[in-house]
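Knowing the structure of chain A, use the given hints to seat chain B on it.
Top line first, the protein sequences correspond to chains A and B.
The numbering of the first sequence is the numbering used here, which starts it at 1 and goes up by one.
The numbering of the second sequence is the numbering used here, which starts it at 1 and goes up by one.
Hints listed in this document are in silico derivations from the structure and should not be mistaken for laboratory results.
This one's a predicted model, so the numbers in the text were calculated from it and none came from an experiment.
Treat the hints loosely; a few may be bogus.
As the list claims (entries may be wrong) - Which chain B residues face chain A? A few, computed with CB under 8 angstroms, are given here: (1) Q45; (2) G97; (3) T100; (4) H171; (5) L205; (6) G213; (7) S214; (8) R215; (9) V216; (10) L217; (11) L229; (12) V233; (13) Q236.
Every residue, glycine too, gets a C-beta built ideally from N, C-alpha and C.
There are 2 protein chains.
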Amino acid sequence: MTYRIIIELTQKQGNIITLTPEQKHYLKNVLRLKENSEFIVLDGQYNTYLVKLNNDNGQIIKPLKEETELPINVTLMIALPKGKGFDEVIRSCTELGVNTIIPIISQRTLLKPSSHKLDRWRKIVKEATEQSERQRVPTILEPISFSEALKNTKQPNQNCYICVTRKHAKHLLTYLLPEITNSITIATGCEGGWTEKEINEAINLGFIAVNLGSRVLRAVTAPLVALSLVTSVIEQSYPKD
Amino acid sequence: MTYRIIIELTQKQGNIITLTPEQKHYLKNVLRLKENSEFIVLDGQYNTYLVKLNNDNGQIIKPLKEETELPINVTLMIALPKGKGFDEVIRSCTELGVNTIIPIISQRTLLKPSSHKLDRWRKIVKEATEQSERQRVPTILEPISFSEALKNTKQPNQNCYICVTRKHAKHLLTYLLPEITNSITIATGCEGGWTEKEINEAINLGFIAVNLGSRVLRAVTAPLVALSLVTSVIEQSYPKD
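Isolated chain A (complex conformation) (with noise of 0.2 angstroms):
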């Protein structure tokens, strides 16, 4: 495996990747790369390239072409949940290939989250990025009501999805198949679930209720679910081979 990091736009200059001190360290004392060593660089932005540890930087070998960015724009809401499940939640998006991922706080979230948070929640996301070889970086957006939310996101030809624990609504998978053909906003709730009114709030601006099963899932649960079902239908409507 030929170890990954990702660059700021501003670090590629020409062939000369300059790297931070924290890059650097992290290559040359962590992964006790030599001069010569090989490794990959990702700018965030669906960018490639192979490249050799030269005099403390980067430079480049070529680029490489990669495709494990999804052809679709697929987005979450994801109402916080309480704890630290959430980490764990974006972490498992990005490897899963979400391209957006909006915080909400709902009328039933109990976590107020600090300012810090988004640092560490974009860390987390970068992480991810790495680790699961994808091209671009997931945005995280600053936590937003639901309401607010809302009124942002619906463009129209957008498919948007709220999920709920009502019987009658049908299953999200139902409104997948056979294929996805444009871009894709999916909502889910925290603990105790959405209130009537935000299902309410949702559905008159053009979101599907839709439901995940039988069974209740867990607030850190249902949005890898969601993602798991758009990405995979994606996928399977648009083989590489």
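What follows is chain B alone, placed relative to chain A:
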């Protein structure tokens, strides 16, 4: 929400549920239920009862008709990941509806589980059964080697899949659609994946190699993705309404 507890079959005699000291403590001291308060009792074998607290025991008011179990048997063979990840995996898989979990000691498994792990896992599975409002407690077997598990698993008419990172394997969802008609077994690897030898052994026994998408999933994410797909395809093929 009505509180739910799981009993052993021997605790029920006629209409009386004899509570264990732990259950009495939980209902009376933790939940602070009073005489004649109602709660729900599951016997872990598909029977659910509405019960009232009566003289330190439970008295059945009526059986409840609940159906949150999948109509098709789903078995997961999960190679033990490193660290504490497995606890969370079995909790989520129980919520999602798995019937049998077989912890696998694969060639790349680093963790050799201690003997008291199994008790801990069974406790987690039971808690998750209650929380997700299932009727049946999934079975979690003793950890065994992959070869041994393979020999015990494959039955005629059972669909068996092994998740691999090989690019030419088709996506699991391709095989699951349009519906799942027979019981199903899915094997997911640990960090570093299955060895070639393990994959070939499984294929020789009739397993089909599948992938779960273009990105690299962690060992703790893969079983959830596979199970999300299986349970969703089953539930949307057999709607309740």
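Results for each hint:
A least Cβ separation of about 17 angstroms between B:Q45 and chain A goes past the 8 angstroms threshold, and the interface hint is therefore violated. The interface hint given for B:G97 holds, since its Cβ lies 6 angstroms from the closest Cβ of chain A, which is under the 8 angstroms cut-off. Proximity of B:T100 to chain A is violated relative to the hint, the smallest CB-CB distance being about 16 angstroms (cut-off 8 angstroms). Contact between B:H171 and chain A, as hinted, is supported at the beta carbon level, the nearest pair being about 4 angstroms apart and thus within 8 angstroms.
Hint on B:L205 is violated. Least Cβ distance to chain A is approximately 25 angstroms, over the 8 angstroms limit. Contact between B:G213 and chain A, as hinted, is supported at the beta carbon level, the nearest pair being about 5 angstroms apart and thus within 8 angstroms. Because the closest C-beta pair between B:S214 and chain A is about 4 angstroms apart, less than 8 angstroms, the hint holds. Evaluation of the B:R215 hint against chain A yields a held restraint, the C-beta minimum of about 4 angstroms falling below 8 angstroms.
With a least beta-carbon distance of about 5 angstroms to chain A, the hint placing B:V216 at the interface is held under the 8 angstroms criterion. Because the closest C-beta pair between B:L217 and chain A is about 5 angstroms apart, less than 8 angstroms, the hint holds. A least Cβ separation of about 6 angstroms between B:L229 and chain A falls short of the 8 angstroms threshold, and the interface hint therefore holds. Given hint, B:V233 at the interface with chain A, holds; its Cβ is 7 angstroms from that chain's nearest Cβ, closer than 8 angstroms.
For the restraint placing B:Q236 at the interface with chain A, the shortest Cβ-Cβ distance is roughly 4 angstroms, inside the 8 angstroms limit, so the hint holds.
Hint compliance for this structure: hints 1, 3 and 5 are not met, and every other hint is.
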